[in-house]
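**Q** Each chain, written out:
2 protein chains.
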Amino acid sequence: MTRTTNAVGNETRRRLIAGGLTEFHARGFHGTGVDAIARTASVPKGSFYNHFESKQTFCAEIVDAYFERHRGKLDLFFNDRSLAPLDRLRAYLDERIEYFTRVELKRGCLMGNLSLELADHEEAVRSRLKDRFDEWAGIFADCIESAQSAGQVSSAFRPSELAGFILNSWEGAILRMRVERTVKPLEIARDFILQSLLR
Amino acid sequence: MTRTTNAVGNETRRRLIAGGLTEFHARGFHGTGVDAIARTASVPKGSFYNHFESKQTFCAEIVDAYFERHRGKLDLFFNDRSLAPLDRLRAYLDERIEYFTRVELKRGCLMGNLSLELADHEEAVRSRLKDRFDEWAGIFADCIESAQSAGQVSSAFRPSELAGFILNSWEGAILRMRVERTVKPLEIARDFILQSLLR
Numbered sequence: 001m002t003r004t005t006n007a008v009g010n011e012t013r014r015r016l017i018a019g020g021l022t023e024f025h026a027r028g029f030h031g032t033g034v035d036a037i038a039r040t041a042s043v044p045k046g047s048f049y050n051h052f053e054s055k056q057t058f059c060a061e062i063v064d065a066y067f068e069r070h071r072g073k074l075d076l077f078f079n080d081r082s083l084a085p086l087d088r089l090r091a092y093l094d095e096r097i098e099y100f101t102r103v104e105l106k107r108g109c110l111m112g113n114l115s116l117e118l119a120d121h122e123e124a125v126r127s128r129l130k131d132r133f134d135e136w137a138g139i140f141a142d143c144i145e146s147a148q149s150a151g152q153v154s155s156a157f158r159p160s161e162l163a164g165f166i167l168n169s170w171e172g173a174i175l176r177m178r179v180e181r182t183v184k185p186l187e188i189a190r191d192f193i194l195q196s197l198l199r
Numbered sequence: 001m002t003r004t005t006n007a008v009g010n011e012t013r014r015r016l017i018a019g020g021l022t023e024f025h026a027r028g029f030h031g032t033g034v035d036a037i038a039r040t041a042s043v044p045k046g047s048f049y050n051h052f053e054s055k056q057t058f059c060a061e062i063v064d065a066y067f068e069r070h071r072g073k074l075d076l077f078f079n080d081r082s083l084a085p086l087d088r089l090r091a092y093l094d095e096r097i098e099y100f101t102r103v104e105l106k107r108g109c110l111m112g113n114l115s116l117e118l119a120d121h122e123e124a125v126r127s128r129l130k131d132r133f134d135e136w137a138g139i140f141a142d143c144i145e146s147a148q149s150a151g152q153v154s155s156a157f158r159p160s161e162l163a164g165f166i167l168n169s170w171e172g173a174i175l176r177m178r179v180e181r182t183v184k185p186l187e188i189a190r191d192f193i194l195q196s197l198l199r
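Here the protein sequences come in this chain order: H and L. If you read the first sequence in the working numbering, its first letter stands for residue 1, the second for the next number, and so on. If you read the second sequence in the working numbering, its first letter stands for residue 1, the second for the next number, and so on.
Hints are not guaranteed to be accurate.
A pair counts as met if it fits within one copy or between any two copies, since identical chains are not told apart.
[Unchecked claim] Once the Cα atoms are required to be at most 20 Å apart in a straight line, the calculated DMTMM-like pairs of lysine to aspartate or glutamate come out as:
| no. | residue 1 | residue 2 |
| --- | --- | --- |
| 1 | K106 | E95 |
| 2 | K55 | E161 |
| 3 | K184 | D134 |
| 4 | K184 | E135 |
| 5 | K130 | E180 |
| 6 | K55 | E135 |
| 7 | K106 | E61 |
| 8 | K55 | D75 |
| 9 | K55 | D87 |
| 10 | K106 | E11 |
| 11 | K130 | D94 |
| 12 | K73 | E98 |
| 13 | K73 | E180 |
These are calculated hints, taken from the structure and not from any lab test.
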């Protein structure tokens with residue numbers, strides 16, 4: 001809930017969201033204090049509660065902000081009509097592999113991290129994660145449906161189920177990448193997704 | 001590191017490990033204090049540091065204790081020579097789906113949870129998780145190799161890569177189960193694993 005709505009307030013709010021994205025991604029929800037978020041945002045700690053009711057409601061907005069940014073990336077690839085449907089997915093997965101290599105295989109997917117940390121205890125965060133994961137899977141499902149229409153992929157499976165499985169497998173590959181400290185789980189996931197599941 | 005090795009000490013240690021398993025699984029590493037672990041274990045808080053150097057080294061032992069318990073379950077299915085190789089995997093996945101349904105889709109896999117929470121920051125925990133995940137994937141890989149020898153599964157893919165992808169996909173399905181609050185991601189994962197990946 002926004003409690004301060006003037007221009008200065010909006011800028012403070014924007015900085016707190018940016019700080020929260022950085023801090024939650026690096027250290028998780030419980031590993032991050034409101035004071036660290038305020039420090040990263042370069043705003044006084046007290047102003048946090050002028051803008052957000054609690055760390056929990058703040059976190060739900062962080063989920064939206066994270067997916068909003070990621071959605072820009074998804075659109076870039078999945079709206080590219082110059083590529084055949086499966087090549088859009090391939091280009092997206094390749095870009096993700098490059099990205100995770102660039103950041104030294106760290107931090108992973110903030111949505112995945114918050115899912116395992118908070119799904120049982122923070123209903124507002126869980127339901128926001130659910131909505132954003134559903135939206136993300138929907139983008140994959142549309143791509144698979146196009147690939148089926150174009151004859152690139154067999155129509156034996158329902159796009160929504162295939163898309164859900166692929167997205168979840170990708171999240172699992174990111175999890176394992178962080179434990180193994182190699183990019184291999186992502187490369188193997190990409191290859192099974194494109195060569196075995198989508199055929 | 002065990003600092004107290006007499007019988008009473010061993011019992012205290014055993015209770016702390018059991019308490020740690022319960023608490024870390026329910027609330028995560030950062031969400032759990034040493035005092036809560038001692039309380040659940042019904043031992044004085046001070047005795048924790050008689051047995052463990054730190055919460056971090058304790059957590060590495062919790063990873064082993066968790067996998068040890070889970071390994072009992074894996075052995076039950078994967079050593080069952082009365083079943084064809086793929087039916088061992090199917091029986092294991094079915095049991096997991098029943099288990100997660102029974103616990104109301106909560107808590108998930110402790111190894112997965114600790115991976116996303118700690119892999120970047122706690123090297124001792126990360127390397128223990130890596131070893132246990134590798135062991136777990138090895139059990140899947142042996143099963144797939146047997147299924148290939150028995151002609152149940154095509155030999156087009158390497159058992160180790162297939163096993164890794166399947167384990168990671170399963171972890172990802174557990175993640176999504178907790179966000180969606182339905183068992184469907186696990187059922188869909190089981191079906192794709194058995195009908196599409198292993199064919």
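**Q** Looking back at the hints listed earlier, which ones does the structure fail to meet?
**A** Per hint list: 2, 6, 7, 8, 9, 10, 11, 13 violated.
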